[in-house]
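Spelled out from the first residue to the last, the chains are:
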Amino acid sequence: MGAFTREPVLVQLGVLAIGCALYLSTLGQTFSDVGSAHSPMFFPRIVLSLWIGLAGLALVQSLRTTDGQSRPHSLLRLAILVLAVVIYSNLITTYGFFLCSVGLALVVLPIFGIRHPAIVGVYALAVPGSLVALFNHGLGMPLPTSPFTYLF
Amino acid sequence: MLSHLPDALALLFSLEGILVLIFGTILGIVLGAMPGIGSTVAVAIVLPFTLTMGQSSAILLLLAVYAGSVYGGSISAILINTPGTPQSAATCLDGYPMAQRGDAGLALGWATVASVIGGLVSAVVLVFAAPYLAAFALNFGPIETFALILLGMTCIVSVSTGSVIKGLLAGMIGIFLSTVGGDPIIGEFRFTYDIWQLYSGFNLLAVVIGVFALSEVFVRASAKPTGVSELVDFRGVILPKLSAWRGRLRNLGKSVVIGNVIGVLPGTGAATAAFISYAEGRRSSPNKEAFGTGEPDGIVSSEAANNAVTGGALVPTMALGIPGDAITAVMLATLTLHGITPGPRLVEENPTLIAAIFAGFFLINLLLLPLGLLLSRVAAPILRMREGFMMTAIVILCALGIYFVRGNPFDLIVMGVAGVVGFLLRRQGIPMAPLVIGMVLGPTLELTLRQGLILKDGNFFAFFESPIALVLAIVSLVALALPLVRAVLASRAAQ
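So the protein sequences, as listed, match chains A and B.
Each step along the first sequence adds one to the number in my numbering, with nothing skipped, and position 112 is 112.
Count along the second sequence from 1, add 152, and you get the number used in my numbering.
No lab work stands behind these hints: they were computed from the structure.
Treat the hints with caution; some may be incorrect.
Claimed, not checked - Going by beta-carbon spacing under 10 Å, a handful of chain B positions derived as facing chain A:
#, residue
1, 165
2, 324
3, 366
4, 542
5, 548
6, 551
7, 568
Said to hold, decoys possible - To give a feel for the contact side, a few chain B residues facing chain A, derived at Cβ under 8 Å:
#, residue
8, 538
9, 541
10, 610
Stated by the list, open to error - Per the computed footprint, the stretches of chain B lying under chain A, defined by three or more beta-carbons under 8 Å from a beta-carbon of chain A, are:
#, region
11, 220 to 230
12, 276 to 284
13, 331 to 344
Please read all numbers here as calculations on a predicted model, not as lab measurements.
Using N, Cα and C, we set each Cβ at its ideal position, and we do this for glycine too.
Please model the entire structure based on the sequences and the hints provided.
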């Protein structure tokens, strides 16, 4: 049972489960086709069958391998970074490129060990600021702006 | 091809053309010199900015970044013993010991000259080989094209680093992602689950940037933080004297040939070429004992071969529409984004563009010499930049680039998700290059298979009535079987 809690096995199980779920979603759908190669699901079903077969083999490989995989140095650091990037990519069009990028830089720089407040502050303002100045006001290719001001 | 050269040169020697070549080469050298960024990430970061450019400028910018980054990788390999790109790993073996001896400038001089010669010869090979291959490929119908793309896929996954099964699995995931959206024959939507943003499918660029650039940031964040690298004493590049080349030209020639041949084979890559060339250089060198201690032949073997791969890899890409590696897959994606269909008809349908690309590639390799000499000094301090600054800039530039493609917020979400998924898959040793190549080749693979089956009344075995398709299918099977045979032989040898 312990083998099923290892990261490689969990990920391979996830890949296999997604493949199976996608294949099941192709069944029972109706299309205006005349069957075989005309069917929109003809090719995806072949690909998904291979996906499932290969994911099964990869899972067996993972179960048979006992080599310990190196754990991330700091799971917390990684989790914060992933969360920050996902939030950033979701909010950028709502709150504007500048504000979101400043926020992202304030989170990412300390994650990578840069913690001096002045350096973090200057970098977080300067990089997004110069990009906004270049694209919005220099090249005339506007980046998303915030709901607070049209300037950034 | 030659009849279109004047038009191509007019494109190249316009102000925009010259600026693109110079700027792209500079950017490539600087990005390539930064450890861990690599050619693929460098090209992926620059790609979105090409969308506002013309077709030829866009491709030339990416080519310049590609060629520049392969050379740039040697700067960090020699000065801090950390290859900027995987293809420069073999350069560390002799470049860094030479630099430690106090000859960093000379080591970079050997690397620069070998890189330029390797790149220039590969440009000549590209100019002569690609049109012939393309002319032959014009005889291909849907069945032959299907077999050809299948061969491209099998070659690529069969040489995937690590497990063949994982390489194939990544290829299947990529092909599946390419099926999301409208069906190419009857136009009905597949796997969209009422999410209207998926009607046009996944944005290839968002996936490419996510799985290569963004996942790299996550990989770096998951590793133990590294300190700032110590630089060896370096006061500029010193070119080796002509007399120093005596006895080394044979090694140079052999390395260039190895690089070109390996470059043409889909999926093999510059890193493999550099190591094979290094091993061959060591085997045949009269100074074999000195290899690994700062022997110039070691630097020449590695750098000439890895730069010669660049032109070689473009031969199947431009002539057949089959990407040799992840970088050429990204270039094919760029062609698609600019409304050009990659494939056997690419050369015939876009002769001026192709002539401009070929001539431009030659010029880029010429530019490597002066720009390499100038930029090595500028790039050296950048090597001491802290990782966090680079990683933050990469995330911001990725988002900015993706936003400019279509201004679609959904693409940003796709990029973020692709980054997380790419990171998880990379940790399990699932390579990302087959995934991207699957996404690029998937639509043509599906279309030609289905067209062929419709033409042959659903009889798949009729595919092999075509001699070309039969030969290509046999080669595909051999390409797939080779790694399995190698694995069996290796396990027997181990027993």
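Query raised in the report: Is the hint on residue 324 of chain B kept, meaning its closest Cβ partner in chain A is under 10 Å away?
Result: holds (4 Å)
Requested in this report: Report holds or violated for the interface hint on residue 542 of chain B, using the least CB-CB distance to chain A and a cut-off of 10 Å.
Outcome: Check passed: Cβ of residue 542 of chain B comes within 9 Å of chain A, closer than 10 Å.
Query raised in the report: Does the interface hint hold: is residue 541 of chain B within less than 8 Å of chain A, judged Cβ to Cβ?
Result: holds (7 Å)
Query - Agreement of hint residue 366 of chain B with chain A interface, Cβ distance less than 10 Å - result: holds (7 Å)
Requested in this report: Three residues minimum, CB to CB under 8 Å: does the region 331 to 344 of chain B make the cut for coverage by chain A? Let me know.
Outcome: n = 7 at 8 Å, threshold three: holds.
Requested in this report: Go check the region 220 to 230 of chain B versus chain A for me, would you? Three or more residues, Cβ under 8 Å, otherwise it fails.
Outcome: violated (count 0)
Requested in this report: Go through the hint on residue 538 of chain B and say holds or violated, using the shortest Cβ distance to chain A against 8 Å.
Outcome: holds (6 Å)
Query raised in the report: Minimum Cβ distance from residue 610 of chain B to chain A below 8 Å?
Result: holds (5 Å)
Requested in this report: Against chain A, run the beta carbon of residue 568 of chain B and see if the smallest gap drops under 10 Å.
Outcome: Since the shortest Cβ distance to chain A is 4 Å, the answer is holds.
**Report entry** Interface hint for residue 165 of chain B, Cβ within 10 Å of any Cβ on chain A
**Finding:** This hint is violated: residue 165 of chain B lies away from chain A, its Cβ roughly 24 Å from the closest one there, beyond 10 Å.
Report task. Using Cβ atoms only, decide whether residue 551 of chain B comes closer than 10 Å to chain A, and label the hint accordingly. Result -> Because about 6 Å separates residue 551 of chain B from the closest Cβ in chain A, which is inside the 10 Å limit, the hint holds.
Requested in this report: Test coverage of the region 276 to 284 of chain B by chain A using CB-CB distances below 8 Å; three residues minimum.
Outcome: violated (count 0)
The structure shown violates the earlier hints numbered 1, 11 and 12.
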